[in-house]
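Assemble the complex: chain D is given as a structure, and chain P must be docked to it using the hints.
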Amino acid sequence: MAGFGFICLLLALAVCAYGIAASIYGVRTRRWEYADSGRRAMYALAAVLTIAGLVLELAFISNDFAFNTVADTSSRTTPALYRVAAVWSSQEGSLLLWAWLLSLWSSLALFLTRRRLREVAAYATAILLGLGGFFVGLMVFYANPFSTTTPAPPEGVGLDPLLRFPTMMIHPPMLYSGYTLCMIPLAFGFGALLARRLQADWIGAIRRFAFAAWLFLGIGILLGARWSYAELGWGGYWGWDAVENASLMPWLTATAFLHSLMIQEKRGMLKVWNVSLVLATGTLAIMGTFLVRSGVLNSIHAFGGSTLGVPFVCLIGVLIAASIYLVVSRREMLRSENRLDSLLSRESMFLANNLVLVGLCFVIFWGTYFPLISEAVTGQESSVGPPWFDRYTVPLALVLVLLSGIGPVIAWRRATLANARRNFLAPVAVALLALAALAAAGLAHKPLALAMFCLGAFVLAVVAQEFVRGTRVRRAMAGESVPRALASLVQRNRRRYGGYIVHVGIAVLFIGVAASSSFQHASELQLSPGQSTKVGPYTVRYVRPTASITPKYDRAHTGSTVAFGAEVDVSKNGRHVTTLSPSEGYYASGEVSQGTVGSLIGGQPVSHVSIDGGVTRDIWGAVEPNIETGRLKKIVDAGNRTLSSDEAIVAIGLLAKEYIKKPPPAQFHFIVSPLVMWIWIGGLIVFLGGLVAVWPAPSTVRARAAARIRARSPRDLVRA
Amino acid sequence: MSPARKRTVRLVLALSAAVVLASALIYTSFSAANPALSPTQLLRQAQPGRSYQLTGTVEPGSVHRMGGVLDFSVQDRAGTRVVPLAYTGSVPDPFREGREVIVTVQKQGSRFVGERDSLITKCPSKYKTAPPSEKQNL
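Protein chains in written order, with this note's numbering: chain D, 1 to 720; chain P, 1 to 138.
So that you can see chain D by itself, here it is in the shape it has in the complex (with noise of 0.2 angstroms):
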C-alpha cells in the first residue's frame, strides 16, 4: 500500500507538471483547450491526492506500523478517533493535508470561474498546480508520509497525549482550510497582474474566497486559543507565540483587504494598497506554514529539528520579489479612479482601519521575528515578550474596535454633521451610559478595559440601531410582522448584515478578552486532602482524591495507563457552587529501559483540566498529582522486578489503591476568570454572520439560473 500511495504522490508531481505547462501554453497561444486542459489537471490533482490521503487514512486506522508516520504517531493505546486525526499530527502527514486542501479549494475556485476571466483564471491556474506541486514535491524529496520500515515494529509512539482533544482534530483542517484559501486570492492576484487585467472583476471572483479563508482561519486561530485554555495545564488562551503569531498575521492582512476591496469595488480606489495586501495575506500564509515547519523560532508547537527550511524560504523569496517585481511594473494600471474627497467618509474609515491592521500585522511581525532580526543586528538572539506585544496591540486594538462601530454606518464620500448625528447620537449615549454603570461599580481602576467595554457597547448598539431601522423601513414598505421583517431585511442584503453580525461577535470577543485579562483571579499551591484556599471570591477545598485506571474507564478518552486526580468542592459565601475534578493522566512510554510497569506510567503526563463555564465567568482547576513519593516508587519498582509486561496492569492496581488511601500533597492551580464564555460565543457569532454573508443569497441563485435559462432559449430557438 505505501508503494501505492508514493506512486499517487509521483503522479500528482508529474499532474500538476502537466497542467502548469498546459495553462501557460494555452493562454499564451489563445489555444483555450490547453488552458481547459490546465484546469482539469487539477481536478485530477484533487483526484489523486485525495486517493493518497485515504492510502494514509487507512494505515492509521488500520495500526499498520510499518508506515514510519503511523509508527511515529499512533499506537494501538491510541483511541480510534484520535488514529483519524492523528494523520496530520506529523510533519509529513500534515504536508498531505496542506496539498490536500489546497487541491480541493482550488478545484472549487476553479470550477466556479471556469466561464468568466479566462486568461486570469488560466495563470492563476498554473500558480496554484506550482504551490502543489511544491507541497508535492516536499513529500517526495523531503518528507515522505509513505516511508516504511521493514520488519514493521509491533506497536506505536502514539499521538502525542497533549493533541488527544477534540477540537484539536478538526484545528489543523480549519487552519489549513484558511491558509490554502489564501492562495486562491494571491494566485487570481498574481494572475491578474500577468494577464494586465485589473479591473474589479477579478476581485469579485475571488472575493468569497476571501472571506471563506478569513473565516477559516479565524475558526482555527480560535480552536487553538480553546485548546490551549482547555488542555494546557497554564489556563490561557493566547501567549503570542510564535506559531499563533504566524496564524494570526494573514487574518489580519484578510481583514484588511476585505474592508478595502470594497472601496475599489464602490470607487476604484485603492488598487495598489488592495492587490499589495491581497499578495502579502498569501506569502504571509505560506510563511506561517513555514514557520511551524522550518523550527528557525522556539516554539511550543512547531516541528522541531526539521529540513524544510531552504526550500520554504526559496518559496517565500520568490513570492516577495515577483509580488513587488508585478506590483511596479504594473503600477499604471492600478491608478485610482477617485480621489479621498474627506476625512471624515467611510473611505477614510477604512483606510484607517487598513492602517491599523497592517500596524497591528507589522507589530507581531517585528515582535515575531524579533529573535532572527535581532541576531542579525547585534549578534545577540533577544526575544520579546507578551508586555512588549501587549504594550502596542492593546490600544491599537481598541482603535480597531471603535473604528468597527464607525465604519458601517458614516456615509461615503463625505458625512455631514446632520448625518453623523443621526447615526451616532444613540451609539454614543449607550457608550456613555455604559461607561458612568461600569465607573461606578467600581471598574475605573482598569482604564483600557473599561474603555474597551465602552467601545463594544458603541458597536452593538450601532449595530442594533442598523438592524430596527431597517427592519422598520421593511415594515413600512412590505407591512410585514417584525421577525419576517428582520429575516427578509438579511436575506435580501447578506453581505451587509452578515458583516454587522461579525461586528458584533469581534465586539463580544474583545469585550471577552478586555474583562478575562484584566479581572482574573489565580491561585497556585499545594493542597492535602481536607485544606482550602481563596480564589477571589471562592472557596476552593481538595476533598479526596481520585484515580480511575484507564484506557477503559479514562474520562476523557484520551487512552491514558491511568489518572490520578482530585475532586475539588467550590463554595462562595459557604455555599456550594460547583464540584471541579481536574486529573492527571499518565501515557504508556514504550521504553523498555522503565520497566515493565515503569513503561506503563513513562510517557509524557498531561493535565486533564476541569471547567465549570458560565456567562459571567469561568472556574478553571488544574491538578499536578506527585507520584514519586517512596511508598508508590517502591510499587513501581517491586513491580518493574518481578512483574511480566502482561501482569504489570497489576502494579497499576495497587499504585492507584495506594494512592486513593495515602495520597501525598498534591500542587493545584485554579484559576476564576470573568466573561471567558464571550470569547467562545464572539466567535460563535462571527462565525454565523461569516456565513451569512459568504453563503449565495437565494435570489442570486435564482437570478442565475434564470439568466441561463433565458441565455439558452435564443440558442435553441436558432437551433429549432
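FYI, nobody ran anything at the bench for these hints, they're computed from the structure. It is possible that part of the hints are untrue.
[Stated by the list, open to error] A short list of chain D residues far from chain P (calculated; beta carbon distances all over 12 angstroms): (1) A17; (2) R339; (3) G385; (4) A436; (5) A476; (6) Q604; (7) I649; (8) L688.
[To be verified] Going by beta-carbon spacing under 10 angstroms, a handful of chain P positions derived as facing chain D: (9) T28; (10) N34; (11) S51; (12) V58.
Please read these numbers as outputs of a predicted model, since none were measured by experiment. Here a beta-carbon is modelled for each residue, glycine too, at the ideal position from N, C-alpha and C.
Below, chain P alone, put in the same frame as chain D:
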C-alpha cells in the same frame, strides 16, 4: 493651498507619523528584549536585576518541589555548566528531566530566580524516541 500641495503635505505628515511609530517600536523592542543565553553564557555575563532567557536542558535528578517553588537546574547541551534556579508559576505538562526548556531568569544575589509563568518546554512532539526512519539511518 492647492489640492496637489495639500495632498503632498498630508502624505508627508502620514509618512513621518509612520516613521516615528516604527522607530518607537524598534527602539522598545531592542530595549525590552531579553537576550537568549546558554548556561555557560549566563554564568559569564549575567548582571543582577536584568532578565535573560535561559535555554538548555533540565539536569537529570535536579528537580525538586518545595511548596509552590520548583527548584531545578538547567545545563548546557554538552552538560558542562549548570545553572540552578528557583521557579514559581505554571509548569508545562511536557516538563521533564532531560528535556529542553526556555525560562526567563533574573540574577538575585548569587542565585537565579525564574520569572513567574515564563517556563516553556520545547516542542512536545519531540519527546518521543528516535523514530524508526532515523534509527535506520544510524
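To see whether the hints hold, each was checked on the structure:
| no. | hint | in the structure |
| --- | --- | --- |
| 1 | A17 | holds (27 angstroms) |
| 2 | R339 | violated (8 angstroms) |
| 3 | G385 | violated (7 angstroms) |
| 4 | A436 | holds (33 angstroms) |
| 5 | A476 | holds (42 angstroms) |
| 6 | Q604 | violated (5 angstroms) |
| 7 | I649 | holds (22 angstroms) |
| 8 | L688 | holds (33 angstroms) |
| 9 | T28 | holds (7 angstroms) |
| 10 | N34 | holds (6 angstroms) |
| 11 | S51 | holds (9 angstroms) |
| 12 | V58 | violated (14 angstroms) |
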